[in-house]
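Undergrad: Could you build the full structure based on these sequences and the hints that come with them?
Using this note's numbering, the first residue of the sequence shown is number 1, and each one after it goes up by one.
Source of the hints: derived by calculation from the structure; they are not laboratory data. Treat the hints with care, since some could be wrong.
Said to hold, decoys possible - Using C-beta positions, here's what the derived DEER-type ranges look like:
id : residue 1 : residue 2 : range
1  : Asp118    : Thr197    : 41 to 49 Å
2  : Leu162    : Lys252    : 44 to 52 Å
3  : Arg101    : Glu208    : 35 to 43 Å
4  : Gln85     : Asn219    : 50 to 58 Å
5  : Pro225    : Lys126    : 27 to 35 Å
Stated by the list, open to error - Below, in silico cross-link-like pairs of lysine-lysine (PhoX-like), each with a Cα-Cα straight-line distance of 25 Å or less:
id : residue 1 : residue 2
6  : Lys157    : Lys134
7  : Lys126    : Lys213
8  : Lys252    : Lys105
9  : Lys165    : Lys105
10 : Lys157    : Lys213
11 : Lys205    : Lys222
12 : Lys222    : Lys212
13 : Lys157    : Lys205
14 : Lys134    : Lys222
15 : Lys134    : Lys205
Even glycine gets a Cβ: it sits at the ideal position worked out from N, Cα and C.
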Amino acid sequence: MRLTLVFFFLLSVASSMVMAQKKTDLIEDLKALNELVGRKEDEISRLKKSLVAEETLNQTYLFEIENLKTTNSALMKRLSNFTSQSVSNIISIGDQIESMRVLEKQDQALRQLIIEEDSTLIETVKQLAPVVSKANGMLINRGRIEVFFSALEYALKDSLHLDPKLVRIDSALRAINDLELMISGAFQPVIIDSVTTDNELIAPKFYEVFSKKFDLDQNRIKLDPTVNNDTVIISLRPSFQRSYERIRSILKR
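TA: Given below as structure tokens:
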């Protein structure tokens, strides 16, 4: 009986010791587990902070990328505008240069025309001299040569076609085909007064001399009616029609 009690007592003590040991082990394991959980929670917290920082950095990068895209788009647009403007400017400069070339050619052609017409007038003066000169009623005026004839001197002349000045003018017209003749004077008596008659008009007599006596081409005779029957002006000038046609042709280039 005693042995049995002792056995149960020892068994109980051993069991208590084993349970105590297991409890200690469990406490140690639990402590270790708590420490591990604490470390993992710290790691998780650190990772969360790192993730927040990374996300913030990522958002910053995204923001900067969008800004760069916007800036790049603006720069590309400005570059495109600049390129287009540069091309337009180059084309405009090219057009201006070409226009200047055209104007220069036109200017040279017009100058040449003026030189030719001045040469024609100089040659005409030579043809008229010495019979017709400044000393006896000749005047160079606005690109033409004017010769004045007084009604008092020529009204009673029967043979105007024999007049030395008119003969010399006819010779100049025959020598220089580009010349045309203009007669300025009264051609209608009603313009002057109610008393003057057709026979008293001087200008028609000059017209008759050149058109019939000298047989000058009608296309080369121009009439300039005035109310002055006291003076007839005979003008010699380079063909106005020819000059007009050449100027028009030059300006169309």
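Undergrad: The structure should be examined with respect to each hint, and the outcome stated for every one.
TA: Now for the hints, and whether the structure bears them out:
1. Asp118 x Thr197: 41 to 49 Å: Once the Cβ atoms are compared, 42 Å apart, the range 41 to 49 Å for threonine 197 and aspartate 118 holds.
2. Leu162 x Lys252: 44 to 52 Å: Holds: the Cβ-Cβ distance is about 47 Å, inside 44 to 52 Å.
3. Arg101 x Glu208: 35 to 43 Å: violated, 52 Å
4. Gln85 x Asn219: 50 to 58 Å: holds, 57 Å
5. Pro225 x Lys126: 27 to 35 Å: With Cβ atoms ~31 Å apart, the hint holds.
6. Lys157 x Lys134: holds, 23 Å
7. Lys126 x Lys213: holds, 24 Å
8. Lys252 x Lys105: holds, 11 Å
9. Lys165 x Lys105: violated, 41 Å
10. Lys157 x Lys213: holds, 15 Å
11. Lys205 x Lys222: Satisfied, since the Cα-Cα distance of roughly 14 Å is no more than 25 Å.
12. Lys222 x Lys212: holds, 15 Å
13. Lys157 x Lys205: Answer holds: lysine 157 to lysine 205 is near 10 Å, not above 25 Å.
14. Lys134 x Lys222: holds, 23 Å
15. Lys134 x Lys205: Between lysine 134 and lysine 205 the Cα gap is close to 24 Å, so the pair holds against 25 Å.
The structure shown violates the earlier hints numbered 3 and 9.
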